[in-house]
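Trainee: Sequence:
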Amino acid sequence: MNTSLLEGKRNDIPATDLLRLLEISRQLAIITDLQKLLAQIEHAALKIFACERATVFVFDHDSNELYSYVASRPEKIRFPARQGIAGECFHNNHIIKVSDAYKDPRFNPAVDDETKFKTHNILSCPLTTHDQTPIGVLQILNKCSGEFNQWDEILLRTLSAQCGVALERQFLLEQFVEKQRLQHDINIARQIQQHLLPKQPPAVEGFDIAAWNQPAEETGGDFFDYHQLIDGRLMLTIADVTGHGIGPALVAAQCHALQRAAFAFLPEIQQVATLVNRLLSEDIPDDRFVTVFFALLSPHNQELVFTSAGHGPILLFQAKDNQIQKLPTHGPPIGIIPNITYEGWDRLCFNQGDMLITFTDGFFEWVNPEGKPFGVERICKIVKNYPTLPAANIIQQIYSELLAYTQGVPQADDLTALLIKKN
1 MNTSLLEGKR NDIPATDLLR LLEISRQLAI ITDLQKLLAQ IEHAALKIFA CERATVFVFD
61 HDSNELYSYV ASRPEKIRFP ARQGIAGECF HNNHIIKVSD AYKDPRFNPA VDDETKFKTH
121 NILSCPLTTH DQTPIGVLQI LNKCSGEFNQ WDEILLRTLS AQCGVALERQ FLLEQFVEKQ
181 RLQHDINIAR QIQQHLLPKQ PPAVEGFDIA AWNQPAEETG GDFFDYHQLI DGRLMLTIAD
241 VTGHGIGPAL VAAQCHALQR AAFAFLPEIQ QVATLVNRLL SEDIPDDRFV TVFFALLSPH
301 NQELVFTSAG HGPILLFQAK DNQIQKLPTH GPPIGIIPNI TYEGWDRLCF NQGDMLITFT
361 DGFFEWVNPE GKPFGVERIC KIVKNYPTLP AANIIQQIYS ELLAYTQGVP QADDLTALLI
421 KKN
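Those letters in the sequence shown? Residues 1 to 423, by the UniProt record's numbering.
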């Protein structure tokens with residue numbers, strides 16, 4: 001059909017139909033619920049075209065299907081976006097008129113069988129956004145007074161244009177509401193996660209202990225923890241879950257809870273690592289694991305016992321010769337081998353000025369504009385250059401020089417550090 005001819009005849013639309021279209025436009029503009037909007041479009045089409053059925057098919061991007069669902073109608077129709085008359089209308093973005101449905105090879109009679117309806121004639125028109133992107137189809141069936149005519153096509157085009165804009169607006173509104181809801185949930189998750197981190201460093205006679213965390217997103221997969229046990233020992237933990245964001249944050253929270261409970265009931269550091277691994281392995285996805293540094297500091301003899309489940313580097317700064325030793329890990333990360341028993345561990349006796357520092361890979365893997373990572377050696381050099389600074393200040397010095405090195409390259413991973421210094 002000649003589109004320009006149809007456009008030219010819009011001015012000849014009867015006044016009653018124009019009033020109906022104006023009223024429909026007003027109603028569509030105030031509806032903010034998708035189900036109500038679809039129902040209103042279908043009700044308006046039934047009233048304007050005096051037909052037996054009107055259906056809105058909406059495009060589902062995820063499944064590449066067209067679907068129809070209105071709560072007031074029991075049947076739900078879903079089919080591939082290129083299938084049938086509605087599918088061709090959607091795919092080719094043009095109006096289709098069919099005088100005898102059962103003589104048209106594109107018609108799928110199974111829909112009639114499913115809905116207990118008998119289709120005679122069809123008029124289908126694409127629903128498009130403001131930039132003519134198809135987002136659905138408005139289809140009317142069985143005109144009561146005979147076949148659909150040229151005026152019906154003009155009216156349906158006009159109505160579909162209004163409905164398409166209303167549907168686009170509704171989709172944008174729902175996306176905005178969902179984004180706001182997700183942001184609200186993320187904010188709550190971040191508050192919970194930050195609440196899990198100790199607010200003040202522990203007061204241990206003879207030691208200066210500091211830890212610091214900065215997630216790459218609102219929530220992260222890193223955490224640190226310290227807590228005094230009933231026997232007077234201080235438990236210390238730093239952990240890094242693979243990835244960053246909501247998923248790793250949930251795993252981190254679970255790991256945090258498990259290690260707290262394990263430290264409270266088990267006397268040996270290896271037992272803690274073994275139990276946390278067994279319990280966490282039962283719950284986390286196959287593509288997740290956690291590197292963890294578990295430690296127990298005994299104030300009375302000033303010894304540190306630790307085991308590393310895949311976490312490193314662990315640096316021991318020895319003040320007497322201003323050297324740094326890289327300490328070993330003792331087993332795989334948590335969550336990889338469910339029934340492993342962690343047996344390795346180390347004991348450290350600190351001399352004055354000695355430090356143990358460990359951090360997550362966000363520090364040494366952060367790159368500069370040339371793509372070169374900050375590296376562990378630069379961290380070692382900073383520790384050697386500022387051995388007399390308080391523990392918290394050394395961490396901040398590392399972060400300051402990291403920012404200077406990366407020159408504005410966005411932080412790609414979470415940052416967490418733990419430093420234990422013998423006064």
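Hints were generated in silico from the structure; no laboratory data involved. The beta carbon of each residue, even a glycine, is placed where N, CA and C say it ideally should be. Among the hints, a few may not be true.
Cβ pair distances, simulated, as ranges [unchecked claim]:
#, residue 1, residue 2, range
1, SER400, GLN27, 55 to 63 angstroms
2, GLN183, GLN323, 46 to 54 angstroms
3, GLY371, GLU88, 27 to 35 angstroms
4, GLY312, ASP62, 56 to 64 angstroms
5, SER281, ALA110, 25 to 33 angstroms
6, ILE77, PRO332, 37 to 45 angstroms
Straight-line distance between alpha carbons at most 27 angstroms, and here's what the computed DSSO-like set of lysine-lysine pairs gives [claimed, not checked]:
#, residue 1, residue 2
7, LYS372, LYS422
8, LYS103, LYS36
9, LYS422, LYS320
10, LYS384, LYS372
11, LYS116, LYS143
12, LYS326, LYS422
13, LYS47, LYS36
14, LYS47, LYS118
15, LYS422, LYS381
16, LYS320, LYS372
17, LYS179, LYS116
18, LYS47, LYS143
19, LYS116, LYS103
20, LYS143, LYS199
21, LYS179, LYS103
22, LYS179, LYS199
23, LYS179, LYS36
24, LYS103, LYS118
25, LYS97, LYS47
26, LYS143, LYS179
27, LYS179, LYS97
28, LYS179, LYS118
29, LYS103, LYS143
30, LYS97, LYS116
31, LYS199, LYS118
32, LYS97, LYS118
33, LYS143, LYS118
Trainee: Now tell me if each hint is right for this structure.
Mentor: Right, here's what the structure says about each hint:
Taken as a hint, the range 55 to 63 angstroms holds for the pair SER400 and GLN27, whose Cβ atoms sit roughly 60 angstroms apart. In this structure the hint that GLN183 and GLN323 lie 46 to 54 angstroms apart at CB holds, the actual value being about 48 angstroms. A hinted range of 27 to 35 angstroms is violated for the C-beta pair GLY371 and GLU88, which are about 50 angstroms apart. The hint said 56 to 64 angstroms for the Cβ distance between GLY312 and ASP62, and at roughly 41 angstroms that hint is violated.
In this structure the hint that SER281 and ALA110 lie 25 to 33 angstroms apart at CB is violated, the actual value being about 48 angstroms. Restraint check, ILE77 to PRO332: a C-beta distance of roughly 51 angstroms breaks the suggested window 37 to 45 angstroms. Only pairs whose Cα atoms come within 27 angstroms are accepted, and LYS372 paired with LYS422 is rejected, the gap being roughly 33 angstroms. For the proposed pair LYS103 and LYS36, the alpha carbon gap of about 34 angstroms is over 27 angstroms, so the pair is violated.
Distance check on the hinted pair: LYS422 and LYS320 sit about 12 angstroms apart at the alpha-carbon level, within 27 angstroms; holds. About 22 angstroms separates the Cα atoms of LYS384 and LYS372, which keeps this hinted pair within 27 angstroms; it holds. Our distance criterion of 27 angstroms between C-alpha atoms is met by LYS116 and LYS143, whose separation comes to about 18 angstroms. Distance restraint check for LYS326 and LYS422: the Cα-Cα separation of roughly 18 angstroms lies within the 27 angstroms cut-off, and the hinted pair is therefore satisfied.
Using a Cα cut-off of 27 angstroms, the hinted pair LYS47 and LYS36 holds, with the two alpha carbons roughly 16 angstroms apart. In summary, the hint linking LYS47 to LYS118 is supported, as the alpha carbons are separated by about 20 angstroms, within the 27 angstroms threshold. At roughly 19 angstroms between alpha-carbon atoms, LYS422 and LYS381 fall within 27 angstroms of each other, so this suggested pair holds. Distance check on the hinted pair: LYS320 and LYS372 sit about 32 angstroms apart at the alpha-carbon level, beyond 27 angstroms; violated.
With a C-alpha separation of about 40 angstroms, the suggested pair LYS179 and LYS116 falls outside the 27 angstroms cut-off, and the hint is violated. At roughly 11 angstroms between alpha-carbon atoms, LYS47 and LYS143 fall within 27 angstroms of each other, so this suggested pair holds. A threshold of 27 angstroms between alpha carbons decides the hint, and for LYS116 with LYS103 the separation of about 19 angstroms falls inside it, so the pair holds. A threshold of 27 angstroms between alpha carbons decides the hint, and for LYS143 with LYS199 the separation of about 72 angstroms lies outside it, so the pair is violated.
For the given pair, LYS179 sits about 47 angstroms from LYS103 by alpha-carbon distance, which is inconsistent with the 27 angstroms threshold. A threshold of 27 angstroms between alpha carbons decides the hint, and for LYS179 with LYS199 the separation of about 30 angstroms lies outside it, so the pair is violated. A hinted pair counts as satisfied when its Cα atoms are at most 27 angstroms apart, and LYS179 with LYS36 qualifies at roughly 22 angstroms. The hinted pair formed by LYS103 and LYS118 meets the criterion: a straight-line CA distance of about 13 angstroms does not exceed 27 angstroms.
With a C-alpha separation of about 19 angstroms, the suggested pairing of LYS97 with LYS47 holds against the 27 angstroms cut-off. Between the alpha carbons of LYS143 and LYS179 the distance comes to roughly 42 angstroms, so the proposed pair goes past 27 angstroms and is violated. For the given pair, LYS179 sits about 40 angstroms from LYS97 by alpha-carbon distance, which is inconsistent with the 27 angstroms threshold. Restraint check for LYS179 and LYS118: the C-alpha separation of about 42 angstroms exceeds 27 angstroms, so the hint is violated.
As the CA atoms of LYS103 and LYS143 are separated by approximately 17 angstroms, the hinted pair is consistent with the 27 angstroms bound. Proximity of LYS97 to LYS116 is assessed by CA-CA distance (about 22 angstroms); at most 27 angstroms being required, the pair is judged to hold. Distance hint between LYS199 and LYS118 is unfulfilled; the C-alpha atoms sit about 70 angstroms from each other, more than 27 angstroms. Between LYS97 and LYS118 the alpha-carbon distance is near 17 angstroms, which keeps this suggested pair within the 27 angstroms criterion.
This hinted pair checks out: LYS143 and LYS118 have alpha carbons roughly 12 angstroms apart, not beyond 27 angstroms.
Hints 3, 4, 5, 6, 7, 8, 16, 17, 20, 21, 22, 26, 27, 28, 31, counting from the list given before, are not met by this structure.
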